[in-house]
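Listed below, chain by chain, are the residues.
Protein chains: 4
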Amino acid sequence: MSDLDQAKRDLVIANRILAREDVVDAYGHVSMRHPGDPGRYLLSWSRSPELVEGTDIVEFTLDGKKVTDDGRPPYLERFIHGAIYEARPDVQAVIHSHAEDTLAFGITKTKLVPVIHSGSTIGAEVPVWDIAAKFGKGTNLLVRNMEQGRDLAQCLGGNRLALMRGHGFAAAGSSVMDVVRIGVYAPKNARVQTSALRLGEPLPLYPGEIEARTDMFNPSTAEMWRAWEYWARRAGVANLLGDPPKAARPSGR
Amino acid sequence: MSDLDQAKRDLVIANRILAREDVVDAYGHVSMRHPGDPGRYLLSWSRSPELVEGTDIVEFTLDGKKVTDDGRPPYLERFIHGAIYEARPDVQAVIHSHAEDTLAFGITKTKLVPVIHSGSTIGAEVPVWDIAAKFGKGTNLLVRNMEQGRDLAQCLGGNRLALMRGHGFAAAGSSVMDVVRIGVYAPKNARVQTSALRLGEPLPLYPGEIEARTDMFNPSTAEMWRAWEYWARRAGVANLLGDPPKAARPSGR
Amino acid sequence: MSDLDQAKRDLVIANRILAREDVVDAYGHVSMRHPGDPGRYLLSWSRSPELVEGTDIVEFTLDGKKVTDDGRPPYLERFIHGAIYEARPDVQAVIHSHAEDTLAFGITKTKLVPVIHSGSTIGAEVPVWDIAAKFGKGTNLLVRNMEQGRDLAQCLGGNRLALMRGHGFAAAGSSVMDVVRIGVYAPKNARVQTSALRLGEPLPLYPGEIEARTDMFNPSTAEMWRAWEYWARRAGVANLLGDPPKAARPSGR
Amino acid sequence: MSDLDQAKRDLVIANRILAREDVVDAYGHVSMRHPGDPGRYLLSWSRSPELVEGTDIVEFTLDGKKVTDDGRPPYLERFIHGAIYEARPDVQAVIHSHAEDTLAFGITKTKLVPVIHSGSTIGAEVPVWDIAAKFGKGTNLLVRNMEQGRDLAQCLGGNRLALMRGHGFAAAGSSVMDVVRIGVYAPKNARVQTSALRLGEPLPLYPGEIEARTDMFNPSTAEMWRAWEYWARRAGVANLLGDPPKAARPSGR
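As given, the protein sequences belong to chains A, B, C and D, one line each in that order.
Read left to right, the first sequence gives residues 308 to 560 (this note's numbering).
Read left to right, the second sequence gives residues 308 to 560 (this note's numbering).
Read left to right, the third sequence gives residues 308 to 560 (this note's numbering).
Read left to right, the fourth sequence gives residues 308 to 560 (this note's numbering).
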């Protein structure tokens, strides 16, 4: 299987996981940088993530144009993806989501911070991007062109997650497996932080803890594979899983 | 397929979607204005929305009388539908629901306002109708005649959603697809607003944003179809879906 | 089908509905007064409600003794049922449940009150029974004998629902269909009231409204049947449903 | 069936129950002390609990070394288990979990206390272990060696449950059935306590009540079996259930 085919397969798995785990519904999308050309990215055409198959994946240039015009309507907000890839050579995968439990942090002054170990995937700093700051109070809130996408990417900066006021979030990962972890754990962290606010003043993770954990995001370990396999099975796409990384193999069996 | 048959098919899909998405349970209903006669509307007889099929759809005149008396018991509260169609020529579809997450806003002074982009479907202003104001404190809270229906419709005014104190809501849309979006997103918006109140003072959408989004409710776009298709599949009625609108077709395939 | 067989069939349906709707899990139970002998009641032996079948139903005298000793272990807390039947000739069905969303109202000073129309099933007054008041602070909280059962029944008085501090609730209905409605809607009402407390001061239903609705609990209407049928289908026991009452029949079909 | 085979079978059931009841996801694990050698314990290799089968169970010495090196990667945090067995001869089963609803109590000053009868499984005192207290603010929060495991076990002391700040919990039971009850009911108790804090000051169980209930954890009763059977069925492993204890058998059938 070619690198491109593997990338498409993993992107299909990611779409299905995010749908199954309620990170996306009919809306929201996940992309990967093209494995052979950093100036392109892979993203489904305008389909619900739950329905995405390998043949639905389309190649885009970073400015959001299709490499081959095949007549299939693209997502309106694809510019989120290209603008982040353009600004961040380290980023290999991007999610845009409206996951419900993170939204309250986009419309209040309370900052979303990592309070649980799995929540460290969101990074130490989670900026909130308000489209109205630069584009006025009369937009439809969607990121519809590169100018808006670049403004969002600038707000994201070197971070892993940016909330979008009244809308959702954009997450940037070092791999598709990494970005899926942000997608799944950001809402969980938000729920725990919200719940803890009822009980008192939540203690966030210490900066050194966040750093120690960020260093762990190695997709070739047994621990990372375990979740990927688990989520894929729940999403009904275990059949698409390739071989586990060496460290996750029951070599003694 | 005739316009009437298409309307009935779409109304069945709407019933199933609302049941699957927990907008209605055994109670609550959705109607459409008759495509060939604005003085009539289509609504199931007294069945749980989850069970509604095409043959369950009955024609009513706006005052809630069956066009043909077929002996099947109607919903007690059908007057909600007729009274809104009577007052609002622009309205083509109506939902009555007891969706749990909106109810708290009907029994407190806190106003339900759009705080997320999908929540803009509820419109800028959501009035609360209290049946006791005109009909006293001894009703069973149900809308059982045209007088009560008209009072509710008057409270709704030109808006898209009215809460009913201690009871539920009535939603009015420009199409069945449009009204289903109100039904699904009103509870989501309510949950986010409720959650945000724990974190601080929620910032609502700006009026210009609500307006910019309301202009978008065009059922012929790829974006609107995407959700309709997604919800129909989840509800197990993908087989009833007709052809996608032109803009949503993968013409290049 | 004899009255007793019908009663057992309906009791099986009730068990399955309460399990499916999360009113009971492995614990909690529902009983009916014996249709032919008001001095007896019908209740499963020690089985999870989700698994109860007709042959699991056992006859008890009101003091909690089996009419025929068949060697099957009974529920420890069956005394809740007998004590209520003994004190309340009007009661035909009883539920004991630990439904999660009602529990907070049993351990705080906030009173559970009907705030939504379906919540009117809980009645205007919901007392809280504290086993410690009469039996001390060293019980295991279970109602293990008639003395404790009678103390609970006395606290319940003429009401439809009593919360049990740190434990759950006992509900008393005029029919099995009626008591299932209390079981399902008490938690919903509790959730809405809890949620509303975040938004402000919840307005309860007016006394006249509760009364007007209580008068409606007629199991022979299309409206009552609609929910019973819906819940039975969700619980996978639609096949046990008998004929609908006359008012719910599509006689014109 | 040998004691060891029975133990493995019950451990598989426990894994599946905890996965089904959302106590663990891809992460979190449950172990049993070896029935024939108190210096060993049984634990799956690095698999998601939902997927664990009998052949996945591995024997470890208390210091976390495999008795037979079979090449299968172990859980990183297995030291939690061994350290607790080492310190507590009375403990026969251990769970490590990140169950969401308990997490808020690990990052605030509010103490988790039993407020409902099933919550008495957590015991009267639930300490919070903070890895930073002894190991500094730069760990990745995981318990990666015996020194950390022993520090956690010391914090747990003679109790049944210890929360782990920003991470999860460790539960210690007198049997696998007992520890599963802690795992399932600790989150339920946490939810009720959290919810009650919105309504007022929650009244905890009285010490004598907790004691009276702790005395009840006898796995040979009909009541304990009822839940074990119920959970196993929900988890799809009813086929693994052995014979019920004598007290739970329908001997008259």
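Certain hints may be false.
Unchecked claim - Computed Cβ-Cβ distance ranges for the label pairs, DEER-style:
no.	chain 1	residue 1	chain 2	residue 2	range
1	C	D329	D	P526	46 to 56 angstroms
2	A	D312	B	Q313	58 to 68 angstroms
3	C	T362	B	G543	30 to 40 angstroms
4	A	V374	B	G543	32 to 42 angstroms
5	C	D312	B	G543	32 to 42 angstroms
6	B	K553	D	K416	55 to 65 angstroms
7	D	R505	A	K444	53 to 63 angstroms
Simulated from the structure, these hints should not be mistaken for laboratory data.
From a predicted model like this one, the values you see are computed outputs, not experimental measurements.
Quick reminder that beta carbons are idealized off the backbone N, C-alpha and C, glycines included.
Cross-check of the supplied hints:
1. C:D329 - D:P526: 46 to 56 angstroms: For C:D329 and D:P526 the Cβ distance comes to about 25 angstroms; the hint is violated.
2. A:D312 - B:Q313: 58 to 68 angstroms: For B:Q313 against A:D312, whose Cβ atoms are near 41 angstroms apart, the range 58 to 68 angstroms is violated.
3. C:T362 - B:G543: 30 to 40 angstroms: Distance hint for C:T362, B:G543 holds at roughly 33 angstroms.
4. A:V374 - B:G543: 32 to 42 angstroms: holds (37 angstroms)
5. C:D312 - B:G543: 32 to 42 angstroms: Given about 34 angstroms between the Cβ atoms, the range holds.
6. B:K553 - D:K416: 55 to 65 angstroms: holds (60 angstroms)
7. D:R505 - A:K444: 53 to 63 angstroms: violated (34 angstroms)
Going through the hint list in order, the structure does not satisfy hints 1, 2 and 7.
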